[in-house]
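Colleague: Go by the hints and put chain G onto chain B.
Protein chains: 2
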Amino acid sequence: MATIKDVAERAGVTVTTVSRVLNNRGYISEETREKVHRVMREMQYQPNEIARSLSRKKTMILGVIIPTIAHPFFAELTNYIEKYASQRGYKILLCNSRMNQGKEKEYIDMLTSNRVDGMFMSSHTLEVDEYKKLKQPIITFDRRIADIPYVSSDNEQGGIYAAELLLKKECRKIAHITGNLGLDLLSNQRTDGFVRTLRAQGVEPIVIELGPDVFESEGYEQVITSLLEQNPDIDGIFTSSDILAMNVIKVCMGKGIDIPGRIKLIGYDDIEMASLVTPALTTIKQPIEEMAERAVHLLDGLIRGEEIKNENVLPVTLVERGST
Amino acid sequence: MATIKDVAERAGVTVTTVSRVLNNRGYISEETREKVHRVMREMQYQPNEIARSLSRKKTMILGVIIPTIAHPFFAELTNYIEKYASQRGYKILLCNSRMNQGKEKEYIDMLTSNRVDGMFMSSHTLEVDEYKKLKQPIITFDRRIADIPYVSSDNEQGGIYAAELLLKKECRKIAHITGNLGLDLLSNQRTDGFVRTLRAQGVEPIVIELGPDVFESEGYEQVITSLLEQNPDIDGIFTSSDILAMNVIKVCMGKGIDIPGRIKLIGYDDIEMASLVTPALTTIKQPIEEMAERAVHLLDGLIRGEEIKNENVLPVTLVERGST
Numbered sequence: 001m002a003t004i005k006d007v008a009e010r011a012g013v014t015v016t017t018v019s020r021v022l023n024n025r026g027y028i029s030e031e032t033r034e035k036v037h038r039v040m041r042e043m044q045y046q047p048n049e050i051a052r053s054l055s056r057k058k059t060m061i062l063g064v065i066i067p068t069i070a071h072p073f074f075a076e077l078t079n080y081i082e083k084y085a086s087q088r089g090y091k092i093l094l095c096n097s098r099m100n101q102g103k104e105k106e107y108i109d110m111l112t113s114n115r116v117d118g119m120f121m122s123s124h125t126l127e128v129d130e131y132k133k134l135k136q137p138i139i140t141f142d143r144r145i146a147d148i149p150y151v152s153s154d155n156e157q158g159g160i161y162a163a164e165l166l167l168k169k170e171c172r173k174i175a176h177i178t179g180n181l182g183l184d185l186l187s188n189q190r191t192d193g194f195v196r197t198l199r200a201q202g203v204e205p206i207v208i209e210l211g212p213d214v215f216e217s218e219g220y221e222q223v224i225t226s227l228l229e230q231n232p233d234i235d236g237i238f239t240s241s242d243i244l245a246m247n248v249i250k251v252c253m254g255k256g257i258d259i260p261g262r263i264k265l266i267g268y269d270d271i272e273m274a275s276l277v278t279p280a281l282t283t284i285k286q287p288i289e290e291m292a293e294r295a296v297h298l299l300d301g302l303i304r305g306e307e308i309k310n311e312n313v314l315p316v317t318l319v320e321r322g323s324t
Numbered sequence: 001m002a003t004i005k006d007v008a009e010r011a012g013v014t015v016t017t018v019s020r021v022l023n024n025r026g027y028i029s030e031e032t033r034e035k036v037h038r039v040m041r042e043m044q045y046q047p048n049e050i051a052r053s054l055s056r057k058k059t060m061i062l063g064v065i066i067p068t069i070a071h072p073f074f075a076e077l078t079n080y081i082e083k084y085a086s087q088r089g090y091k092i093l094l095c096n097s098r099m100n101q102g103k104e105k106e107y108i109d110m111l112t113s114n115r116v117d118g119m120f121m122s123s124h125t126l127e128v129d130e131y132k133k134l135k136q137p138i139i140t141f142d143r144r145i146a147d148i149p150y151v152s153s154d155n156e157q158g159g160i161y162a163a164e165l166l167l168k169k170e171c172r173k174i175a176h177i178t179g180n181l182g183l184d185l186l187s188n189q190r191t192d193g194f195v196r197t198l199r200a201q202g203v204e205p206i207v208i209e210l211g212p213d214v215f216e217s218e219g220y221e222q223v224i225t226s227l228l229e230q231n232p233d234i235d236g237i238f239t240s241s242d243i244l245a246m247n248v249i250k251v252c253m254g255k256g257i258d259i260p261g262r263i264k265l266i267g268y269d270d271i272e273m274a275s276l277v278t279p280a281l282t283t284i285k286q287p288i289e290e291m292a293e294r295a296v297h298l299l300d301g302l303i304r305g306e307e308i309k310n311e312n313v314l315p316v317t318l319v320e321r322g323s324t
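Top to bottom, those sequences are chains B and G. Counting from 1, one number per residue, gives the positions in the first sequence under this note's numbering. Counting from 1, one number per residue, gives the positions in the second sequence under this note's numbering.
So that you can see chain B by itself, here it is in the shape it has in the complex (with noise of 0.2 Å):
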């Protein structure tokens, strides 16, 4: 059976080296750490892992908590934050809070015991109280919990640039749907900074809140319908994603109404979809491969000890493509 010293022998590299790579720790050069690792895996050198974290009590596990990874916005957030950890040699967990919410405690339960180093939250769940006596490293994104430190981009400014361009294209009659405003999630901003703005034109808009689970995109359809037909005259809508978004166009298609020509829409996020549906959609983007990176940054930080600012707020752009 090899030994660490075999390896380190075999790769040319000290024990201490081996030992960095084996535990992330110092730096060390991609090439070097590439070669130990070939070298571990040509002598099948097999470090009980499961016996080496319960000494040195780190994992090199990180929890993300999302509502569903299922919503492309949650799916490329996790797909950076993978890329962005497993860089710094940390594994992804992956825990869908929407489906049950017991699961989100089981976490919580996890990082309490040790068995993860650090969690991402991004869950859309009421209850908070559990997370606030938490002294554990956690980053959430669009949440402010006592201390805990987050990772947002500007939702307000979002909501101001989506204002200023549908007064600009001309809109009078606009409306904005919105996930459920009675969660304290920071992404309410949006509408905060889009609704002022409206207002000090002069221009009142029409909010359709959605139920508790805006995930939920059966009941979509519906809501919109009513919305258009009860608002012939609407010119302007702003929704809280691009998914939401492309549920108009799916509408309004169906109903025979032009995007942009009698009623401009702009959507949030800027997943991939958005530039790929007819029309191509006016967003706002969210800057998700940074917004993820700095996450991962922060909650690296956090395990190692380091002091870390508490928000983090990135900006958005305004992304203008044909549904305006």
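Be aware that one or more of the hints could be misleading.
If several chains are the same, the list does not tell them apart, and a pair holds so long as it fits within one copy or across any two.
[Said to hold, decoys possible] For lysine-lysine, the following BS3-like pairs were computed, each having C-alpha atoms within a straight-line distance of at most 27 Å:
#1 58 x 103
#2 35 x 132
#3 250 x 285
#4 103 x 35
#5 103 x 133
#6 133 x 35
#7 103 x 5
#8 135 x 35
#9 133 x 5
#10 105 x 35
#11 285 x 168
#12 105 x 5
#13 285 x 133
#14 105 x 58
#15 309 x 58
#16 250 x 309
#17 250 x 169
Everything labelled a hint here was simulated from the structure, so no lab data went into it.
Modeller: For chain G alone, coordinates are given in the frame of chain B:
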């Protein structure tokens, strides 16, 4: 500090039952399970999971290797894997293999050193020798590697359905756009079934094979554009994914080519987005949820040492919508 006995007493169950809940062994009603978890939380009972997993040699963690979670098909598949795995007490470690080929080997190492109990493999790597040596529990999707059990949908029948529909719609100049057929994937049978069925009716399709990284969508549009420019009389297209079909819609819209008027279009997968685009996509529906459920059932069986079936092929269905 609460002991397992304290928990059992307060929950009104036996110590064996608490142990079963902790270890996910034996039959426990959902009600009892929840009660025990609730009491454990109330009493802040923290079993030392790492030490426990060391003694019982189980981590209750499963690896999922996919090309990228940003692709809607894999996001939906992983969503359901997580759903059914968590019902059996497993957590899911996510590995996007596309961005880094070395990662896949790290997961294989985790499996051989018992840091995960089993693995779902759906990567598109060329190199599968690493897998052939393994004795550990693995289930693949759409790949037949040595004796490793696999789950797929009936790819060949999917290709046949697509060909039959295009023939019925009187298409005669037909193109097929697919991923790299050089990869040894069972999904290549979509092409086999499609081409064979057309040829039997005297129609020779144009087959366009994409590069090795089919998930790199930047190049799609150019391929589709030149296909349409070189063959302006194409009247039917079958793509090997809905995302590819959505790219065809985009290019056709840009060129003023009416779908389904001038070209009938059929996708593959039936991701949620397929019914949202305009025209809504006719597609071959893979039973994504059932495939995930079956795979979890099989992997759990392998981990428990049960005999399982090696070939698990689930039926596909033709879903006709606006694009044909």
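Colleague: If a hint holds in the structure, say so; if it does not, say that too.
Modeller: Hint-by-hint comparison with the structure:
1. 58 x 103: For residue 58 and residue 103, the Cα distance is within 27 Å both inside one copy (22 Å) and across copies (20 Å).
2. 35 x 132: between (43 Å within a copy, 23 Å between copies)
3. 250 x 285: both (21 Å within a copy, 20 Å between copies)
4. 103 x 35: between (39 Å within a copy, 14 Å between copies)
5. 103 x 133: within (18 Å within a copy, 35 Å between copies)
6. 133 x 35: So residue 133 and residue 35 pass the 27 Å test across copies only (22 Å; inside, 43 Å).
7. 103 x 5: between (42 Å within a copy, 24 Å between copies)
8. 135 x 35: The answer is between: 26 Å across copies meets 27 Å, while 38 Å in one copy does not.
9. 133 x 5: between (44 Å within a copy, 26 Å between copies)
10. 105 x 35: between (40 Å within a copy, 13 Å between copies)
11. 285 x 168: Within one copy only: 19 Å inside a chain, 43 Å across chains, cut-off 27 Å.
12. 105 x 5: between (42 Å within a copy, 22 Å between copies)
13. 285 x 133: neither (34 Å within a copy, 46 Å between copies)
14. 105 x 58: Answer is both: 21 Å inside a copy and 21 Å across each meet the 27 Å cutoff.
15. 309 x 58: within (23 Å within a copy, 38 Å between copies)
16. 250 x 309: Answer is neither: 42 Å inside a copy and 43 Å across each miss the 27 Å cutoff.
17. 250 x 169: The answer is both: 22 Å in one copy and 25 Å across copies each meet 27 Å.
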